[in-house]
Amino acid sequence: MIEYILEATLRYATPLLLVALGELIAERAGVINIGLEGMMILGAFTGWLGSFYIQGMNPGLAPWIGILFGGLSGVILAGIFGTLVLWLKTDQVVTGTGINLLAFGLVEVLYRRIFGATGDALKVAIVQPLHIPLLSSVPFIGPILFQQNLLVYITFLAVPAVYFYLFHTHHGLAIQACGEHPKAADTVGVSVLWLQAKCVLFGGFMAGLAGGYLSLVDVPFFSTEMTAGRGFIALSIVIFGKWHPVKACGAALLFGLANALPDRLQAIADLGFIPYQFFLMLPYVLTLLVLAGFVGHARPPAALALPYRRE
Amino acid sequence: MFKKNWIIYSLLLLSFGFTIGTADAAKFKVALLTPGSISDAGWNALAYEGLQRIEKELGVEVSHVESKAPSQWEEHFRFYASKGYGLVFGHGFEYQEAAKAVAPDFPDTVFITTSGNTVLDNVASIVFELEEVTYLLGVIAGTMSQTGKIGLIGGMNIPPINSTFHALEEGAKSVNPNIKISSSYVGDWENIGKAKELALSQITEGVDFIFHNADAAGRGVFHAVEESRKAGKNIYAFGSNLDQNDIAPDAILASAAIDTKAFVYAADLVQTGKFEPQVMWMGMSLNETVKLVYNPKLKDRIPEDLLAKVEKIRQDILAGKFKAPRVKF
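As given, the protein sequences belong to chains Y and E, one line each in that order. Just so you know, we're using numbering that gives the first Met the number 0 here: the first sequence kicks off at 0 and counts up by one. Just so you know, we're using numbering that gives the first Met the number 0 here: the second sequence kicks off at 0 and counts up by one.
Incorrect hints may have been included.
The calculated label-pair distances, taken between Cβ atoms and stated as ranges, are [what the hints assert, rightly or not]: (1) Gly271/Y to Ala68/E: 52 to 58 Å; (2) Leu306/E to Gly271/Y: 46 to 52 Å; (3) Gly104/Y to Lys55/E: 56 to 62 Å; (4) Phe321/E to Val93/Y: 31 to 37 Å; (5) His130/Y to Phe328/E: 29 to 35 Å; (6) Gly104/Y to Lys308/E: 49 to 55 Å; (7) Gln145/E to Met280/Y: 49 to 55 Å; (8) Gly59/Y to Ser284/E: 36 to 42 Å; (9) Ser136/Y to Thr146/E: 38 to 44 Å; (10) Gly104/Y to Asp245/E: 54 to 60 Å; (11) Ile140/Y to Thr146/E: 26 to 32 Å.
Hints listed in this document are in silico derivations from the structure and should not be mistaken for laboratory results. Glycine included, each C-beta is placed from N, C-alpha and C at the ideal position.
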């Protein structure tokens with residue numbers, strides 16, 4: 000039972016962590032992107048659509064190309080967002096909300112246009128689990144850690160990569176400077192807007208990938224609201240993780256566990272007397288408790304959400 | 000400032016004009032409010048397909064709007080009623096209060112909610128007796144289950160969903176009193192990934208038959224069952240509301256389906272002036288408005304004598320000799 004719950008925890012945590020890592024970089028650079036949910040749904044749709052059309056040619060490769068499409072569609076949407084907030088200086092929160100509305104509307108229209116109004120519940124080729132030789136046959140740990148999908152491995156390997164990039168490279172430090180004191184960064188020759196733009200695009204790419212995870216790794220189906228708030232949860236994971244990749248990873252795992260455990264408890268017939276709302280509430284209660292009790296004061300980058308103007 | 004607002008208002012008006020068109024008020028028109036996206040291949044798709052059938056078979060003008068937020072329900076009802084629509088469907092239990100509030104202001108419009116029991120001069124409800132079919136599914140699952148555990152996965156625990164679950168449970172217990180029922184709820188109707196996880200959890204708990212009533216999210220249940228079958232476990236799923244057998248032909252044993260003709264039937268009553276405010280019960284005996292649809296690919300997995308037994312109960316329901324249990328709501 001514990002083994003199963005931990006497996007499920009990883010499955011829940013992966014898309015959240017993917018989005019959170021991208022958003023973390025963007026927020027470190029001083030841009031808050033509320034439009035992650037929209038980028039995810041667009042990524043889920045274009046990825047699924049890509050796999051749908053390519054699977055006839057190469058069903059093994061199709062989902063991967065699809066996921067890449069998903070990431071690229073996230074980049075395009077992030078490009079629109081970035082242009083608006085960085086150069087046209089629109090309010091970041093309002094623009095992000097607009098991006099969400101745009102993405103959900105666009106996806107609904109395209110989906111109905113292509114597959115008919117009531118949808119066909121079509122299935123596509125999806126990514127198969129990758130069992131890592133030797134390690135996957137280790138008892139207990141094997142099935143949990145080494146019988147997952149390639150995208151799961153990539154996501155968790157991205158955590159140390161982002162950590163190293165952000166804290167131990169010249170680029171990473173420049174990003175942090177943009178988020179804390181963009182004027183100072185500018186005076187030492189960092190081109191603030193371009194660097195912020197790159198971070199926003201990266202965030203869009205990760206959100207698009209996470210969307211692809213939902214429709215091409217998790218299940219072979221697409222539905223126009225399948226993201227179900229994950230983009231917003233990722234935003235809170237960034238805060239929860241204090242803008243630090245390793246802590247964000249911990250937050251994503253905790254949130255995954257807080258979903259996986261109640262799911263498993265709901266399935267026990269003898270616990271049927273407990274109202275299901277209690278189980279559904281657990282992740283949020285747990286988040287609140289941890290935030291209040293253990294995380295302490297979280298300080299966002301000083302210039303977060305402030306448009307940078309050169310004087 | 001004023002000028003700017005004025006432009007925005009006129010644009011808004013214009014856009015409303017486009018969506019509605021310049022319709023003749025005297026003609027009979029039918030509108031539909033759905034609580035979710037109609038591309039769910041389930042509950043909402045059912046209503047939209049019904050609406051399309053009304054358009055085709057009765058030759059009337061139709062319109063549809065997604066009406067998700069409770070704050071929109073009354074507004075959308077009023078909107079269509081004031082545009083001269085003769086019949087507005089609110090597709091779900093949740094629309095009753097809004098229909099009740101709006102109806103007295105528009106005596107020339109009939110409001111029909113699917114499920115519910117609110118009846119006024121111009122308010123009625125259609126109740127699909129899906130319980131008749133889920134009872135039969137319960138008999139099948141209760142007999143065939145090797146683990147003695149059956150799983151139910153719903154979107155939310157609301158009376159219409161609960162009632163189909165209750166009937167299935169009673170059906171299963173009629174053949175195996177010791178059967179254990181696990182019921183899990185997604186919390187919404189869209190989260191496919193969550194529904195998949197719930198189904199996998201039930202499967203690790205030992206469940207070997209799963210019935211879902213979770214609209215779009217239900218697809219996650221089918222995927223979980225398919226994957227588990229690939230891994231060698233002998234598990235089956237049941238579809239709901241529409242014939243969903245095609246979605247996962249290797250995993251779905253049968254579906255509890257509602258026929259879209261129920262909507263045509265109701266619209267026809269209103270159009271021809273035969274409408275009476277009442278709860279319109281639509282079950283198997285009404286020309287098979289609800290029915291059990293076996294998946295032809297897997298039907299041979301069901302033992303002959305079980306098929307015969309199910310058919311016997313079905314005949315009893317049709318003849319009025321047996322009434323499937325349902326939760327009053």
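If you check the beta carbons of His130/Y and Phe328/E, does the distance land in 29 to 35 Å?
About 49 Å separates the Cβ atoms of His130/Y and Phe328/E, which means 29 to 35 Å is violated.
Is the hinted range of 31 to 37 Å satisfied by the C-beta distance from Phe321/E to Val93/Y?
Taking Cβ atoms as reference, Phe321/E and Val93/Y lie about 60 Å apart, which means the hint is violated.
Determine whether the Cβ-Cβ distance between Leu306/E and Gly271/Y falls within the hinted range of 46 to 52 Å.
violated (30 Å)
With respect to the beta-carbon atoms only, verify the hint that Ile140/Y and Thr146/E lie 26 to 32 Å apart.
Since the Cβ atoms of Ile140/Y and Thr146/E sit about 28 Å apart, the hinted range of 26 to 32 Å holds.
Between Gly271/Y and Ala68/E, does the beta-carbon spacing fit 52 to 58 Å?
violated (31 Å)
Assuming the hint says 54 to 60 Å, is it satisfied by the Cβ distance from Gly104/Y to Asp245/E or not?
Roughly 29 Å apart at Cβ, these two residues miss the hinted range, so it is violated.
Do the Cβ positions of Gly104/Y and Lys55/E conform to the proposed distance bound of 56 to 62 Å?
Taking Cβ atoms as reference, Gly104/Y and Lys55/E lie about 28 Å apart, which means the hint is violated.
Measuring from beta carbon to beta carbon, are Ser136/Y and Thr146/E in 38 to 44 Å?
violated (27 Å)
Taking the CB of Gln145/E and the CB of Met280/Y, does the distance hold inside 49 to 55 Å?
For Gln145/E and Met280/Y the Cβ distance comes to about 34 Å; the hint is violated.
Hint says 49 to 55 Å; check whether the CB-CB distance for Gly104/Y and Lys308/E agrees.
holds (50 Å)
Taking the Cβ atom of Gly59/Y and the Cβ atom of Ser284/E, is their distance within the range 36 to 42 Å?
violated (51 Å)
Hints 1, 2, 3, 4, 5, 7, 8, 9 and 10 from the list above are not met by this structure, while the remaining hints are.
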